[in-house]
Every structure is written in structure tokens, then in C-alpha cells.
Amino acid sequence: MSLLDVKGVSISFGGVRAVQDVSFSIDKGQIVSVIGPNGAGKTTLFNMLSGVYSPQQGEVRLAGELVTGMPAHLLARRGLSRTFQNLQIFSAMTVLENVATGFHLQENGSLLADLLGLPSARRRMKRSEEQSMELLKTVGLERAAGFEAGSLSYGALKRLEIARALALQPQLLLLDEPAAGCNAVETEEIEKLVAQVAKSGTAILLVEHDMKMVMRISNHIVVLDHGEKIAEGTPAEVVSHPRVIEAYLGVAATEEATRYAEC
Amino acid sequence: MSEFMQFLLSGLTVGAVYALVALGFTIIYNASDVANFAQGEFVMLGGMITASAYAAGAPLLLAATLAIVLTAVIGILLNKLAIEPARGAPVASLIIITIGASIFIRGLTQILLDKELHRFPAFSGDDPIHVLGATILPQSLWVIAGALLVFVALWLFFTRTLTGRAVLATANNRIAALLVGINTRYIMALSFALSAAIGALAGILITPITLTSYDIGMTMALKGFAAAMLGGMGNPKGALAGGLVLGLLEALTAGYLSSQYKDAAAFVVILAVLFFMPQGMFGRKVAERV
Amino acid sequence: MKRLSSKQVTLLVLLALIALAPLFFPSSYYLRIGSLVFVNSLSVISIVILTGYVGQISLGHAGFIGIGAYACALAPVHFNVSVLTASVLGAVVSGVVAWVVGRPILRLRGYYLSVATLGFGMLIFMVLNNEAWLTGGPDGMVVADPGIRALLKSWGISLNNAEFWYAFNGFVLLIGVWIALNLKHSATGRALHALHGSEVAARTVGIDVARFKLRGFVISAVYASIAGSLLAMQNRFVTPDVAGFMHSVEIVTMAVLGGAASVVGAILGATLLTALPQILTFLQEYEQIVLGLIMMLVMIFLRGGVLPSLVRMVRGRG
Chain A
1 MSLLDVKGVS
11 ISFGGVRAVQ
21 DVSFSIDKGQ
31 IVSVIGPNGA
41 GKTTLFNMLS
51 GVYSPQQGEV
61 RLAGELVTGM
71 PAHLLARRGL
81 SRTFQNLQIF
91 SAMTVLENVA
101 TGFHLQENGS
111 LLADLLGLPS
121 ARRRMKRSEE
131 QSMELLKTVG
141 LERAAGFEAG
151 SLSYGALKRL
161 EIARALALQP
171 QLLLLDEPAA
181 GCNAVETEEI
191 EKLVAQVAKS
201 GTAILLVEHD
211 MKMVMRISNH
221 IVVLDHGEKI
231 AEGTPAEVVS
241 HPRVIEAYLG
251 VAATEEATRY
261 AEC
Chain B
1001 MSEFMQFLLS
1011 GLTVGAVYAL
1021 VALGFTIIYN
1031 ASDVANFAQG
1041 EFVMLGGMIT
1051 ASAYAAGAPL
1061 LLAATLAIVL
1071 TAVIGILLNK
1081 LAIEPARGAP
1091 VASLIIITIG
1101 ASIFIRGLTQ
1111 ILLDKELHRF
1121 PAFSGDDPIH
1131 VLGATILPQS
1141 LWVIAGALLV
1151 FVALWLFFTR
1161 TLTGRAVLAT
1171 ANNRIAALLV
1181 GINTRYIMAL
1191 SFALSAAIGA
1201 LAGILITPIT
1211 LTSYDIGMTM
1221 ALKGFAAAML
1231 GGMGNPKGAL
1241 AGGLVLGLLE
1251 ALTAGYLSSQ
1261 YKDAAAFVVI
1271 LAVLFFMPQG
1281 MFGRKVAERV
Chain C
2001 MKRLSSKQVT
2011 LLVLLALIAL
2021 APLFFPSSYY
2031 LRIGSLVFVN
2041 SLSVISIVIL
2051 TGYVGQISLG
2061 HAGFIGIGAY
2071 ACALAPVHFN
2081 VSVLTASVLG
2091 AVVSGVVAWV
2101 VGRPILRLRG
2111 YYLSVATLGF
2121 GMLIFMVLNN
2131 EAWLTGGPDG
2141 MVVADPGIRA
2151 LLKSWGISLN
2161 NAEFWYAFNG
2171 FVLLIGVWIA
2181 LNLKHSATGR
2191 ALHALHGSEV
2201 AARTVGIDVA
2211 RFKLRGFVIS
2221 AVYASIAGSL
2231 LAMQNRFVTP
2241 DVAGFMHSVE
2251 IVTMAVLGGA
2261 ASVVGAILGA
2271 TLLTALPQIL
2281 TFLQEYEQIV
2291 LGLIMMLVMI
2301 FLRGGVLPSL
2311 VRMVRGRG
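Protein chains in written order, with our numbering: chain A, 1 to 263; chain B, 1001 to 1290; chain C, 2001 to 2318.
Read the hints as simulated data drawn from the structure, not as lab findings.
Since the model is a prediction, treat every value here as computed from it, not as a measurement.
Some hints could be false.
As the list claims (entries may be wrong) - With a Cα cut of at most 16 Å, we get these calculated EDC-like pairs of lysine to aspartate or glutamate:
hint: 1; chain 1: B; residue 1: K1115; chain 2: C; residue 2: E2285
hint: 2; chain 1: A; residue 1: K28; chain 2: A; residue 2: D5
hint: 3; chain 1: B; residue 1: K1115; chain 2: C; residue 2: E2287
hint: 4; chain 1: A; residue 1: K192; chain 2: A; residue 2: E130
hint: 5; chain 1: A; residue 1: K28; chain 2: A; residue 2: E65
hint: 6; chain 1: B; residue 1: K1262; chain 2: C; residue 2: E2131
hint: 7; chain 1: A; residue 1: K192; chain 2: A; residue 2: D210
hint: 8; chain 1: A; residue 1: K212; chain 2: A; residue 2: E189
Said to hold, decoys possible - Coverage of chain A stretches by chain C, computed from C-beta distances (three or more under 8 Å per stretch; other residues unrestricted):
hint: 9; stretch: 5-19
hint: 10; stretch: 114-126
Glycine included, each C-beta is placed from N, C-alpha and C at the ideal position.
Based on the provided sequences and hints, a complete structural model is requested.
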């Protein structure tokens, strides 16, 4: 049984078919990338899988359970977390607090204990903060723990979002263009981080434009174009697939593809 | 049946006023994404300034013109001094600013004029006209006709004149409008002046029937807002429809349920629209992009 | 000695201020102003919990104040309970009403939510004003003496009316501040803060946004209700204006002035707007002009209120 099973999901906005009959699956510990030209429907697919949109057709199963259209906070309960392409950090909170929000489900506290400042409430907070520091160390942000999140650089914020997503100890982590807008050094750090996370058993679904990174770390690639799946397979298979090359168009793409095919 | 007719007529009259207030809301909302809670004060100012000028001896037409012009100026000042400096502020701030402005205007009126009820004579007398078993005041006909005239005039303005189309363009996309050379600051000032003038006119038309005083603004603003929301925020056709429907609902509530709770009709409408039909009768559904 | 937390410091400073201020009061009239400041602070804290934590502006919160106030007037008469019990009942009713009304209202945003709350407040006012057979209508109702002062006297503690209400309201305020600070520094507080920052991200980490917004709304309503009960008990009288739009506006202005994101800001705003007009009584006529000006000027020039702006100036931008 796969960890994530996507069967025939579709969604339209107005008259536009953003995603049409897409199916694929992810197994435990795998890194699967979704690629495709701009406007192919990758982020929309992501949003359907993470509870932001509800698929109009098709079904999604997480660890065997039917979760189609389930809202994001319930998916989080089932071990699915994500990062955002355009960043959704809590800019008024500190870096540490941002990550600590990821432990919300673990805290599972009583409102009364919180209102009365009972020791149990304080212990919970302390534990969340200690674990958050550990996560910050993992992503290399421990020195920024007390800073206001809004003051960090773009690359650092991307890592912060990953730390926050990891706090949920997810079975499946959705990364929405984690390397977008990052320079070469930042991209390398993200790549290392992603590989590390996958090694620890978390499955990863990645949307990314950086082809070199995608080719290097993915076990499996799904290619979308105009909302439809046009190919899937290992990096080598996908890169020499005629429809994929056609979708990306242009001499540059064909050249790059040929170069990889020769690797 | 004649009782129902009576409620219908009074509902249309008051509905016409709400439609005008809603139209004022709509124009400013379209131009600046701000729901101007001070809109009701424009209605109050129209009535109060006219009443004061008239009481001071001015002929009615002059008093009314003065009121409209003054209120338009106040509208422009509101934009210049309170809204423009807060450009880009979060919605919460804008709400507070426009409420603050409305309270400020009300307080100023209370000090400069007084807290009494005021009136001036109806435009063509007070002899009720009999129609279909009910009576209607001539002034009510002025109100309804005036409102329809304003709506038609504005429709022509927005669709047939260059300035009008510039306003629509600015409402649609401010940056694009700037880029094609439209003076958006002028357009904003114009929108506020127009809304204020329309509000003032509404106040002038209705005062001979319902009288006016310094504190009618907030209730008027709420009802205008309810009407705008009912019709679909930002849609002028909706403002007209929403205003008339609200007026009818209010009159029917007053007639058949309880006159004490007639104001509640507007609030119930607001809550009902918000919960069941947030886009109103003619509005568009908006989705949030992540 | 272990370093005190900021919460403990705040409470101690507040306690000191409350305890020592009467030493500087030229007359017992100021004790009355003080107890009014404490009540208003509670009202403003209720706004801070809603606005600062949940991020929405309520223009009808006086409705809950009215429920708390009229509970103290009505319950002893109709249910034969003590006035204090009535205030607890009022808080419960407010909480329940907030829970019922909050669920649909909190699905809204921005203007729409504010207008919905405004409508809610107006409806409460209308009922209180119109149902004269029950509430006395615009003329108001008498509230019975809660009897605590007599109880204290029987224990040998003798306070006059002004002294008692100053101490009692101050005490209730301290408890209210303590709870509000606990909330802020708790997991629930962090969840509220998160959903204020980004609802989408909050959901992603598993926060049930609707449920937490509702919790914030209910807690906020209970605070307002208790403030209303204190007002009723202290004045021995209630009128529908306690639930009216102007009252809602006053407390929102106090919140805005002090900085709607913090408890300390709430107390600051309440103090400024309560104490000043009382001392400068000639301002009464100009109340609306002053309130209106404050709301506009603070929002335009002192983004976020007096306290945050001061803090920013002291800390230096960054």
C-alpha cells in the first residue's frame, strides 16, 4: 500500500481546467517531484493535496484512508505538512515561535490550564520550545531563534518553513518550490536538507523548477502540462521522454535533455 | 390591500434614499477599496446644512445647492486628510479611521449647529396624493424620481463620458490606470466628491418627510451598507436594487411586525446576507489565491 | 533569586500602582475615577483579546457589556439570586451567546465582520431599549446592592463606597490581567497569534482556525460581560446606553489609543480616555469630536497605538 495514492483528481476554475485527471502514488521514504512548465497546474495540485482546494473529481488516499477534500488542519493531524511557494510565515512572531507552532497538535492542551497558567501548561510550552531549538539546529537557524521572523533573509525563511513543517513529524512532506528565489549556496543547503529528511523516513513530494536539483534527488518524477499528466518515471526516463521535451519546448530544453540523456 | 399599498409606497420612498446612500458607498468602494462609514454623515449634512441655511433666510434652492457643494468639499477633505495618508494600511485601520471621521463630523455638527430636529418645506407642498387606495406625499415622488434620475445620470456618466470611464478604469486597476496617464488622485477626489454630493442630495430629498438631526448619520450609513451588501458590494445596479428591497423589507416589518424594530430589519438583512449570500444579489464570488 | 518573568513584573507593577495611587489622590472623587478606569480596562482587554490576538475589530462589543450589566439588574429580581451570582450568570450567558453568534460571524473578514458585530450590538441595544416591560426601557433599571461591603464590615473591615469599589474593581482587574497574560504566553495564545498572522499557515500546522477564533471570541465576550456587571453593581443602575454603539466605539478607541495588541496598552488607553475627560469635565460636550480625532490621528500617524509607537521609539527601528 502506498503512502499517498492520488487517483484521477481534477479541478476547474471558472471555465479553466486547472488540473485534469491526474494520478500517481508515493511510497514511504520516496522523493517524488512534480515538474512542468509554468501554469501546468503543479501548485494547484499541491493545494488539492494539502487541503487548500477540494478536488472536484477523483480521490486521494493517505496511508489507505480516504482524505479527498479534507481541510488542512485535519490533514496535519494525519501527518501531512507542507511549505509554501510564496512563504506563509508568522512574521510578527520570533523564529523560535514560528517553529513552535508546528508542535501545536502535540501540545494538545486544555484551555483552562492555559488560562490559569498551570504548571502543566508551562511544561508543555517549554517542551515545544526545546524541540523547536533542535529543529532550528537541523536547518542551521539556531542563532536566529530570538529574532523576529520578518527580519530574516528569503533563503533563511524557506528553511524556517521546512523546520516548522518538520515539527509535525510528518509522514509526507509537501515542498512547494523550496529552492525558488534561492542562490546557489542556499539551493545546495536545501537539497542537503531534503535528502536528510527523506533518509529519516519521511516521504517527500516536491514541486520545483530547478531541474538539476530535481534530477539529482528524485526517486520518481511526475510531469504535468496544461493540467494533465504527460509522463512519469525515473529521472532518466522522464528526461528523454519526447512529450516532456515537447512540453518544455525550445532548443535550450532539448539540449539540456540530450545532455542528461548522455549522462 | 390598500394597507399593503401604503407600506409599498413608503418602502419605495425610504428605499430610494437607501439606494442613494448605497450608491455613494459603491462609488468610493470601487475607487479605493474603502467602505466609507462616514457616508451616512453626508446624508445628515445635506439635510442639516440646508435646514440651517433656509432658517437663516436663504431660498430653498440656494440652501440646497450650498449644502451639496459644502458636503462635496467635506468629502474631498475626508479623502485628502484621512484616507489618503493611510493608504496601504490594513483594513482594520481603515475601518477605525472612517468611523472616527464619522464621529468627528457628527460631533462637529453638534457643536456648530445643535442637537435639535430640523426640517424645511417640501418642494411641492404637503397635500397627499391618492393612488391605488393609498396616499403618498408629493415629496415621496420627488425622492423616488430624484434617486432614479441620479442613477440614470451616473450610468450615462460612467459609460458615455471620458472622465466617467476613467473612474471605472481606476476602480478596476489603479496601477494600470496610472500607467495610461489617468490622474488617479484626481479621480479619487472626484469619487469622494460625487459620493458626498449624492449622499447630501439624498438627505435633502428626505428631510421634508423624516426630518433630520445631527445623529441620523450612523443608522443611515448602516442601512446604506446593508443595501450595498444586499445588492453586491461594488455593483451600482445592486445598490439600486438592494436599497429598494431593504426599504420595502423595512416598511413591511414596521407595518406587519413591529414599528419599534423596523431598524432591526436592516441588521437582520446584513446578517442574513453575510451568512447565506456574501456576494449579494449581483456580486461576484471571489476566491483567495495562495 | 530567580529572575521574574515579564508576566510577573507586569502584575507586580500593576499591583503597586493600584495600591499606591490612592496616596496621591486629593479626594475620594479620584477613587471613583480609578474604579471606572479599572472597569474600562477590563472592557478594553476584551477588545485586545479579540483584536490583538484574533485580529478582528468588533464594533458591537458593548452588547456583551450590556448582557453582563442587565444580568445583575434582572436576575436577582426574576430568579431570586444574589447580585454576584447574577454576574456569573451574565458571564455564562454572554459566553453562550458569543459561541452561538460567533460561529457564523467569525467566518467573515474585515468590513463584513465589523458590520456584523455592529449589527449584533445594535440588536441587543434595541431589545434592551424597546422591551420596557422587562428592562425599564430607556429609563433604565435599578440594581440591588451586592452586599459585599456589608459582609466585609461584619468581618471588621470598614470601607466607604468609593474605597470599596476601587479595591474590588482593582482586584478583579488584577485577576483579569493575570488570566489574559497567561493566555498570551500559552499554547492557545500562540495558536491565536499564529492564525492572526496567517490562517493558511496556521491550518497547515494543524490549528483548527475556526475553533480557536471562536474561543478567543467567547473569552473576549466573558471579559466584557464581567466589566458590564461591575459597572452595574457600582452604579446601582443600568440604562440601555451601556450596550449602545457609542459605548462600543469608546472602548475600541481606548484600545486603538493604547495599542490593541497588548494588555498593558489596553490599560494605558483606558486610563487616558477615562481619567482625562473626567478630570477635564469641560470635554464632555466635545466627546465625539475628541474620540473621532483620536481614532483618525492614531491610526494615521501612530500606527498600532501609543504604546507600540513609544516602544518602537525607545527601542529604535529594527
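Hint by hint, here is what the structure shows:
Among the hinted pairs, K1115 (chain B) with E2285 (chain C) is consistent with the structure: their alpha-carbon atoms are about 11 Å apart, no more than 16 Å. A hinted pair counts as satisfied when its Cα atoms are at most 16 Å apart, and K28 (chain A) with D5 (chain A) qualifies at roughly 12 Å. Between K1115 (chain B) and E2287 (chain C) the alpha-carbon distance is near 14 Å, which keeps this suggested pair within the 16 Å criterion. Between K192 (chain A) and E130 (chain A) the CA atoms are separated by roughly 24 Å; this puts the pair beyond 16 Å, and the hint is violated.
For the suggested pair K28 (chain A) and E65 (chain A), the alpha carbons sit about 15 Å apart, so the restraint of at most 16 Å is met. Restraint check: the Cα-Cα separation between K1262 (chain B) and E2131 (chain C) comes to about 14 Å, which is no more than 16 Å; the hinted pair holds. Distance restraint check for K192 (chain A) and D210 (chain A): the Cα-Cα separation of roughly 14 Å lies within the 16 Å cut-off, and the hinted pair is therefore satisfied. Between K212 (chain A) and E189 (chain A) the CA atoms are separated by roughly 14 Å; this keeps the pair inside 16 Å, and the hint holds.
For the stretch 5-19 of chain A, the stated coverage by chain C is violated: 0 residues have a C-beta nearer than 8 Å to a C-beta of that chain, whereas at least 3 were required. Residues of the stretch 114-126 of chain A with a Cβ under 8 Å from some Cβ of chain C number 7, which satisfies the need for three, so the listed coverage holds.
Checked against the numbered hints above, the structure violates hints 4, 9; every other hint is satisfied.
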